[in-house]
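J.: One-letter residues, chain by chain:
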Amino acid sequence: MSGTLTTPQTTPRAAPPGARRRRRMPLGKSFVAFILVAICALTIFPLVWLILTSLREQNTIFNGPVLPKQITFQAYPRAWTATNFGLHFANSVWITTVTVLGVLVFSTLAGYSFAKLRFPFKNLIYVILLSTLMMPATALIIPLYLELKKLGLLNSQAGLILLYVSGSAPFAMFLMRAFFETLPDELVQAARIDGAGEFTIFWRVILPLARPGIAVVVIFQFLATWNEFLYANTILQNTGALPLQPVLYSLMGQYQTDWPMLTAGLTMSIVPVILVYVWMQRQFVAGLTLGAVKN
Amino acid sequence: MATKNSLAKSSRVDRVRPARRGRRRAGSSWGRLYGAERIAGYTFLVPTVVFFAIFVGWPILYAIGLSFTNWNGFGPASFTGSASYVRMFNDPVARRAFVVTILFALSTTVLQTVIPLVAAVLVNFVWKALSVVVRTILFIPAIVSFVVSGVLWKLIYDPNIGTLNQALHTIGLGQFAQPWLSNPSTVLPSILVVSLWGAFGLNMLIFFAGIQGVDPTLYEVAQVDGASRVQQFFYITIPGLRIITAIVIALNLMNGFKVFDIIFVMTGGGPSHASDVFGTYLYTLAFGSTSGSIPQLGYASAFSVVVMVLCGLAVLFQVTLARRANR
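Sequence order for the protein chains is L and E. Going by the working numbering, the first sequence opens with residue 1, and the numbers climb by one from there. Going by the working numbering, the second sequence opens with residue 296, and the numbers climb by one from there.
Heads up, a few of these hints could be off.
[Unchecked claim] Using C-beta positions, here's what the derived DEER-type ranges look like:
1) L:Thr200 / E:Ala617: 36 to 44 Å
2) L:Phe73 / E:Phe384: 34 to 42 Å
3) L:Arg282 / E:Val519: 29 to 37 Å
4) E:Gln470 / L:Ser131: 46 to 54 Å
5) L:Gln74 / E:Ile349: 34 to 42 Å
6) E:Phe471 / L:Gln74: 28 to 36 Å
7) E:Gln473 / L:Ser131: 52 to 60 Å
Hints were generated in silico from the structure; no laboratory data involved. All C-beta atoms in this analysis are idealised placements derived from N, C-alpha and C, irrespective of residue type, glycine included.
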């Protein structure tokens with residue numbers, strides 16, 4: 001990579017300003033930087049291509065140059081009306097919002113309980129809840145389908161939301177517990193001595209302090225629910241109730257050759273996610289990496 | 296509601312308290328509070344536990360039970376013992392799906408661990424401003440759904456007008472152009488690329504976070520001793536990241552075992568089962584995508600059970616590895 005460093009200077013590894021002065025470093029860094037920029041270009045290319053394709057005129061797809069000569073937004077209104085995008089977008093927003101709220105209620109209550117309250121069998125319950133954290137959706141889809149059918153919840157958004165909330169709550173609870181444990185016990189004890197009830201302590205004392213943890217759970221859950229495909233595609237059959245992902249999937253079959261329209265639909269579906277990512281990037285990354293590392 | 300409960304039950308609790316650790320002075324007021332705490336503890340868990348039991352716990356048992364029947368979704372189920380598993384063993388498509396699942400999980404695990412690890416070291420090496428930009432960009436694919444990335448890459452791989460084949464023609468490598476997703480020997484590598492594209496950024500960030508936690512004085516000492524960057528990587532960075540690496544490996548294994556969306560969207564398991572994994576095969580068996588065949592719920596559930604076991608093994612692997620690394 002950068003070759004050997006013979007200078008016995010002790011510069012901390014992550015202190016660039018000082019390092020720049022060293023003789024052999026700039027070259028090594030420039031080389032690595034070049035590699036990284038190339039990797040970034042490769043990574044981002046499919047998405048740039050997606051947007052560019054959606055801006056093409058339909059007849060230039062098959063033989064036009066990589067950069068479209070003329071940009072047209074024609075495909076967007078077409079994709080919007082042909083797919084009934086507004087309706088499915090609203091469905092996605094509704095399902096995601098209710099799921100996030102549900103998961104938030106469940107996970108803050110349970111996470112607080114595990115972090116700050118003492119009661120018998122606490123650890124046993126905790127281990128049981130977490131033991132299935134990595135249960136794949138494909139393994140449960142058949143029994144869940146049959147169960148919802150029996151409960152009369154098949155083909156309803158309520159049924160889908162129930163699956164989302166109950167499946168996601170344990171992991172969110174796990175994150176919230178980790179967060180609540182960073183808050184000092186004295187907060188709870190002081191409130192108790194002041195005579196506050198347990199729910200009041202949770203609601204008035206602890207929850208207002210939990211905003212950073214809540215932000216992580218909200219983002220993690222938003223992303224997972226917005227992008228979920230398997231359950232949505234299986235549980236809901238009534239087209240009007242579908243969220244975006246299954247609709248995008250079926251688009252592929254219907255408009256196989258109308259690439260501008262297909263890519264316009266895909267682009268519109270990732271706009272909210274990208275916006276939220278840009279807006280709350282730090283929490284986003286914290287949420288996903290924490291989520292991965294903590295378990 | 297917790298407060299109400301605490302008043303009702305407080306008398307019973309004084310009996311329990313002395314058995315607990317004695318770091319608090321015994322006193323009637325504490326006893327009452329502790330009872331309230333216990334009741335609140337359970338009450339707060341009720342929603343999570345109840346829904347978990349109904350929509351996670353019970354379905355697991357249900358799937359295991361179903362796998363011992365030959366139920367087709369209609370009429371009564373009859374118990375057939377281990378027939379589903381025997382049938383799976385003799386079903387060439389199932390055997391193939393098993394091999395593909397394992398192969399897919401192992402190769403994604405290797406690719407999606409080694410490449411992000413090296414990338415994380417490189418990102419940590421360059422100037423801070425660049426590092427921030429690179430991390431932001433590399434993470435973007437992680438927030439795109441598998442449906443979107445599957446469709447997107449399907450267009451790129453399109454045999455006639457796909458960008459990949461067009462690019463190969465443009466740079467004079469036209470002889471390598473081919474129907475990537477309908478050629479049985481290229482379909483899996485093609486999907487692997489998409490999987491790596493999606494997982495790269497997240498895994499890199501996990502490693503990057505891990506590198507920040509490695510004691511910087513170790514690198515200083517190594518530099519004083521004249522260790523090269525490569526030596527530092529192998530003797531400081533890698534040992535320092537062994538817990539993180541175990542986690543990333545286990546995550547990748549689990550994601551590999553349970554892969555569904557991306558294959559379902561891109562190929563549906565085709566061509567002729569070349570990319571069928573357990574997830575897609577059991578879905579086809581249960582919800583029959585093509586032939587309108589009878590749903591084979593009993594047989595498909597046997598696959599669910601195998602997927603569960605595989606993921607359980609990955610979790611076990613992670614726990615043991617993390618425990619050993621902690622010692």
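J.: It remains to establish, for every hint, whether it holds in the given structure.
T.: For each hint, the structure was consulted:
Between L:Thr200 and E:Ala617 the beta carbon distance is about 38 Å. The supplied range of 36 to 44 Å therefore holds. For L:Phe73 and E:Phe384, the Cβ-Cβ distance of about 56 Å falls outside the hinted range of 34 to 42 Å, so the restraint is violated. Here the CB-CB span from L:Arg282 to E:Val519 is close to 35 Å, well matched to the stated 29 to 37 Å. Taking 46 to 54 Å as the suggested C-beta distance range, the pair E:Gln470 and L:Ser131 conforms, at roughly 52 Å.
Restraint check, L:Gln74 to E:Ile349: a C-beta distance of roughly 48 Å breaks the suggested window 34 to 42 Å. With their beta carbons about 34 Å apart, E:Phe471 and L:Gln74 fall inside the hinted range of 28 to 36 Å. The supplied range of 52 to 60 Å is broken by E:Gln473 and L:Ser131, whose beta-carbon atoms lie about 45 Å from each other.
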